[in-house]
Amino acid sequence: MAPVQTPLLGEVEQLVLLAALRLGDEAYAVSIRALILEEAGVDLSRGTIYVTLERLERKGYVTSWFGDPQAVRGGKARRMCRLKPAGLAAVRTAKRGLDRLAAGTVVAKTVGKRS
Amino acid sequence: VIDGLLRWLQQLVPANWRAAIAQDLDDEARVQARGAIWIAWQTIQIGTKLRLAFSAGALWFDLWYAARSLTRARWFAIGAALTFALGIGVNIAVFTVIDRVMFRPLPYAEPDRLVQIHSTYVVGSPSDPSGAVPQIHIAFEKAAALNARAQSFESLVVASTYPVKETIRGLGDLPLRMVTMSPEEIALLGIRPIAGRSFTSSQLRREYELLITTETWRARFGGSHEIFGARYGEADAPYRVVGVLPPGFLPPTSAARERIDAVRATAADDLSGRGGLIQPLIARLRPGTTLARARAEVAAIAGSDVQVHFLQAGLFLVFRSYLWLVVVAVALVWLVAAVNLTILLLARGQSRANEEGVRLALGAPAGRVVRSSLFEAALVCGTGAAAALLVCYLAGSAMLAIVPGVVRPFAVDAFDVRLLGLTLVATLFSAVAAGALPAWRRARVDPLETLRGRIGSTSTPRLRGAATLVMLQAALGLVLTVGAMTTLRSFAGIVWRDPGFLAADLYHVTVGYGYPDGPLGQPPALSRVDTVQRVASSWPNVQSASVATSLPVGLGFGGLDHFWKTVGVQGRQFGVGAGMLRTLGTPLIAGREFTPEDIVRCERVAVISERGTSVLWPGADPQSIPGRDVTIAGGRWTVVGVAADIRQTPVWSPQPTLYLPLTTPEARRSSSNLYLAVRMAPGAAPDEALWTATLDHAFGSRGGASAEAVADMSLPWLQQPRFYAALFGTLGIVALLLTAAGVYAVAAFDVSQRRREMGIRLTLGATARNLVSAVCQRSLRPLVAGVAAGLVAAWWGGQFLQSFLVEVDVHDPWMQVGVVIVLTLTAVVAAWLPALRAGRVNPSETLRSS
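Protein chains in written order, with the numbering used here: chain A, 1 to 115; chain B, 1 to 850.
Hints were generated in silico from the structure; no laboratory data involved. Wrong hints could be hidden among the right ones.
Okay, derived cross-link-like pairs now, BS3-like style, lysine-lysine, Cα gap no bigger than 27 angstroms in a straight line [what the hints assert, rightly or not]:
hint, chain 1, residue 1, chain 2, residue 2
1, A, Lys76, B, Lys49
2, B, Lys142, B, Lys565
3, A, Lys95, A, Lys84
4, A, Lys59, A, Lys95
5, A, Lys59, B, Lys49
6, A, Lys95, A, Lys76
7, A, Lys84, B, Lys49
Please read these numbers as outputs of a predicted model, since none were measured by experiment.
Make a model of the complete structure from these sequences and hints.
Quick look at the structure:
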C-alpha cells in the first residue's frame with residue numbers, strides 16, 4: 001500500500017468527520033456532538049467539537065458556511081459544515097488503514113459481532 | 001444585566017465562532033431547559049479551549065517579546081526584580097519558619113479534631129503584661145473531673161511530651177534527641193509506625209521502647225530492619241527500638257527546640273491519686289462536636305479558667321500573638337513591594353508609549369498589548385521570586401540559627417512543595433495585581449496621538465496614577481517602618497537593657513551540699529554556710545563569692561514571695577550571704593549590705609530594692625530609707641540598705657525585691673540547696689574539678705559544685721527578643737528601601753521624559769540647580785501627603801501594637817518624628833540622584849535631537 005500522504009487524523013477528528021458525513025446538510029456542532037454520543041457512546045465536550053471543526057477546516061477537510069437565521073426572536077445563523085473531497089479521502093484512508101490492521105484479530109471479530 | 005454579562009463573556013470566544021456558538025448554546029439551552037448561568041459557564045469553557053488551542057503560537061511570541069524587551073531594559077528589569085525579591089523574600093523566609101506552626105495541619109490523624117485543654121498561670125509582673133510569662137498547666141482535680149465526665153471527647157490524655165537527650169550504647173556515637181510520649185498519646189494522635197510496631201504499655205517499667213523517625217532511621221541506620229528487637233544501652237536502663245515513625249513526624253510540643261531523632265515511651269499520668277498542677281490535656285473531639293460545644297462543656301465541668309484550643313493553637317499559645325504580628329508585618333512588606341512594582345511598571349509603560357502606539361497602529365489587538373505587558377510583570381516577579389527562593393534556601397541554616405528554638409524544629413526549607421506553591425501563587429498574584437493597571441494603560445495608548453507626538457508635540461507625558469501610588473507606598477512604608485522600629489526598640493531594649501548586675505565573669509554555682517535540718521542560725525547549718533563561703537573565697541581567680549539559698553540572677557523562678565504577698569503585690573525575697581550585692585555588681589543606692597556579722601548573728605536586718613521601697617514608702621527619698629522598720633512574718637526588721645533593681649530574667653520587668661540574711665528562718669526555702677554567686681577575675685574560667693575537690697575535702701564526702709555562666713543562662717530568654725528585633729529591623733529597612741525605590745523610579749522617569757523641556761529651560765536661562773530642585777519637588781510632593789496619611793494610620797494602628805511591646809510607648813512622638821526624618825531623607829536621596837541628571841542635560845544636544 002502506498003504511504004499515506006495526508007496528515008494523520010486524530011481519533012476525535014475521525015469521529016467528527018464521520019458524523020458530519022452521516023448528517024449531510026444537517027451537520028453543525030450540536031448535531032455532530034449528539035450523533036457521536038448516540039452512535040459511538042463518546043461524550044465529547046462542546047469545546048472539543050468546536051476546536052476540532054476549526055482544525056479540520058484549517059486542514060482543508062471541511063468547509064463551513066452560515067445557514068439561514070433561526071426562526072426565533074433574535075435568532076442567529078448556525079454555522080453548518082460539510083466534508084470537502086480531501087476530508088472524504090482522509091476518512092477513507094484512515095478507515096482502510098484501520099480495517100487492514102485489524103483484519104484477522106480479535107478486535108475485528110468483536111467489532112463484527114457488535115455490529 | 002445578564003445579557004450584558006453574556007455578551008461580555010462572548011468576547012472570550014474567537015470572533016469567527018462567536019455568533020455561531022452563541023446560537024448553538026441558545027438552542028441547547030432551550031432544548032435542555034438550561035439557564036443563563038449554564039450558557040455563561042459553557043461560553044467560558046468553549047472560549048478558553050478555542051483560545052488555548054489556536055493561540056499558543058501567539059502566546060509564546062508574546063512571552064518572547066516580553067523577555068526580549070526586558071533584556072533590553074536591563075537595569076529596569078534588575079531593579080524591579082530585586083525590589084520584588086526583597087518583598088517576597090522576606091515573606092518566604094518568614095513562612096519557612098512559621099507556616100507549620102501557624103497554618104499547616106499538624107501531621108496527625110484528623111488534626112482538626114485534636115484539642116488542648118489547659119489553664120494559664122501568669123508568672124511575672126501583672127502591671128506589665130508583656131513582662132509576664134504565661135505557664136500552661138491544668139489543675140489535677142479539674143483534669144480528673146473532665147476525664148470522668150466530659151462527653152465531647154472521644155479520648156483524653158495528659159500530655160507527656162518533654163525533651164530528653166542521651167547517647168545510647170549500640171545506637172551510634174551521637175546523642176539521640178528524643179521526646180517522651182505515652183502509648184495513649186501516640187494512639188490518640190493516630191500515629192502509625194511505618195515499620196515495626198507501636199509502644200506497648202506492658203513494657204513501660206522494664207525497658208525504654210523507642211520509635212525512631214524515618215529521617216534518622218534512614219540517615220543513621222541505613223533503613224535497616226536489623227535494629228529492631230535487640231536491646232541497647234546499659235543493663236539497668238535498656239532501650240529497644242520497636243518501630244519507625246512516619247516521615248515528617250513532629251512531636252506535639254513546643255519544647256523540643258531542635259529536630260528529634262526518636263520518641264521514647266513513658267507512662268501516662270493516670271489521673272488518679274495525685275494533686276497539684278499537671279501538664280495540659282490533649283483530647284480528640286467526637287466526630288461532629290464543635291469546639292464551641294466542647295468549650296461550653298469544659299467550662300461547665302471545670303470552670304471558666306480552663307481553656308480549650310485546637311492543638312496547634314494550644315501548642316504555640318504563648319507565641320501565637322507575636323507570630324500574628326510577624327505575619328501582618330510581612331504581608332505589609334509584600335503590599336509595599338507590589339505597589340512599588342506597579343510604580344516601576346507604570347513608569348516603564350509610559351516610557352514605551354511610542355512603541356505601543358506603533359504596535360497598535362499596525363493593528364495589534366489591545367489584548368495582545370495587555371498580555372505582553374502582563375508577561376513582563378510576570379517575568380520580573382518570577383525572576384525576583386526565583387532569586388529570593390535561592391537566597392532563602394542558601395541562607396536557610398544561617399537563618400535557623402537565629403530563630404527561636406520554639407519554632408526551629410518546625411521550619412521547612414525554601415524548596416518545600418507547599419511553600420513553592422504558595423510562592424508561585426503569591427508571585428502570579430503580585431504580577432497580575434501590579435501589572436494590571438500599567439497593562440491597561442499601555443493598551444489605551446492612542447496610536448494617533450503618539451505618532452503625532454513624535455513629530456512635534458511639546459506636551460510632556462505625565463505619569464498618571466503614579467503620584468497616588470507613591471503616596472500609598474509612602475503611607476504604607478511609614479506605618480511599617482514606625483511599627484517595625486517601635487517593635488525593634490522594644491525587643492532590642494530587652495536584649496541590651498541593664499539587668500541591674502554585671503553578667504560578665506559572673507557564675508551561678510549550685511553547691512552539692514545543702515544545709516542540714518534544724519535552726520539555721522546555729523551549728524551545724526551555720527557552719528556549713530560559713531564553710532562554703534570560706535572555701536569559695538579561697539578558689540583561685542575568684543574576686544568575690546557569696547552564698548545564698550537562692551540567687552536573684554540566672555533562673556527565672558528563684559526566691560520566695562511570702563513577704564510581698566502580705567503587702568499585696570508580686571515580688572520576690574531572697575536569703576543571701578554577706579557581700580552578695582558586691583559580687584553581683586549591683587549598685588547600692590543607700591545604706592549598706594549584709595556583713596559577715598549579720599549572717600552569723602542572724603540579725604533581723606533587710607535590704608530592699610528600689611522598686612520595693614517605692615511600693616512600701618511611695619515617694620520617699622531612698623537615702624531616708626535605711627533605719628526604717630518593716631514587718632516581716634510578724635516580726636520587726638530594720639532596713640539597712642537600698643539596692644538597685646535586678647531583672648531576674650531579661651524579659652521580666654524588675655520586681656520588688658527583699659533580701660534577708662540567709663541564716664534567718666524567714667529566708668529558708670523548702671529545697672535545701674545552697675547556691676553561690678562567684679565573680680571571677682576578667683577572662684578567668686571556673687575550675688569545676690578543683691572547686692568540687694576542695695568542697696569535698698572540706699566536708700569529707702561527695703557533693704561538689706557545678707557552675708554556669710550567668711550570661712549563658714539568660715541566652716534562652718533572649719532568643720526570642722533577639723529574633724524579633726532582627727526580624728523587625730530587617731522589615732523596617734526593607735520598607736525604607738522599597739519606598740525609596742518607588743520615589744527613585746518616579747524621579748528618574750520625570751527626568752527622562754522632560755529632557756526636551758529641560759533643554760529649553762536651560763537655554764532660556766534656568767540654572768542646573770533650578771532644574772534639580774524642580775525634579776525633587778515634583779517627585780517628593782506625593783511623599784509628603786503619604787507621610788501625613790501614614791502618620792495618622794500609624795497612630796491609629798499603634799493601639800494594636802502596644803500590647804506586644806515592653807517598656808516602649810507606641811505613640812512616642814520622638815520615634816515617629818525620627819522615622820519621618822529618616823524616611824524623608826532616604827526619599828530625598830532617591831529623588832536627588834536621578835535629578836542630578838537633569839542638571840547635566842546638554843541643551844544644544846537635546847534640542848538638536850528633536
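A quick look at each hint next to the structure:
{"no.": "1", "hint": "A:Lys76 / B:Lys49", "in the structure": "holds (22 angstroms)"}
{"no.": "2", "hint": "B:Lys142 / B:Lys565", "in the structure": "holds (26 angstroms)"}
{"no.": "3", "hint": "A:Lys95 / A:Lys84", "in the structure": "holds (17 angstroms)"}
{"no.": "4", "hint": "A:Lys59 / A:Lys95", "in the structure": "holds (18 angstroms)"}
{"no.": "5", "hint": "A:Lys59 / B:Lys49", "in the structure": "holds (19 angstroms)"}
{"no.": "6", "hint": "A:Lys95 / A:Lys76", "in the structure": "violated (36 angstroms)"}
{"no.": "7", "hint": "A:Lys84 / B:Lys49", "in the structure": "holds (25 angstroms)"}
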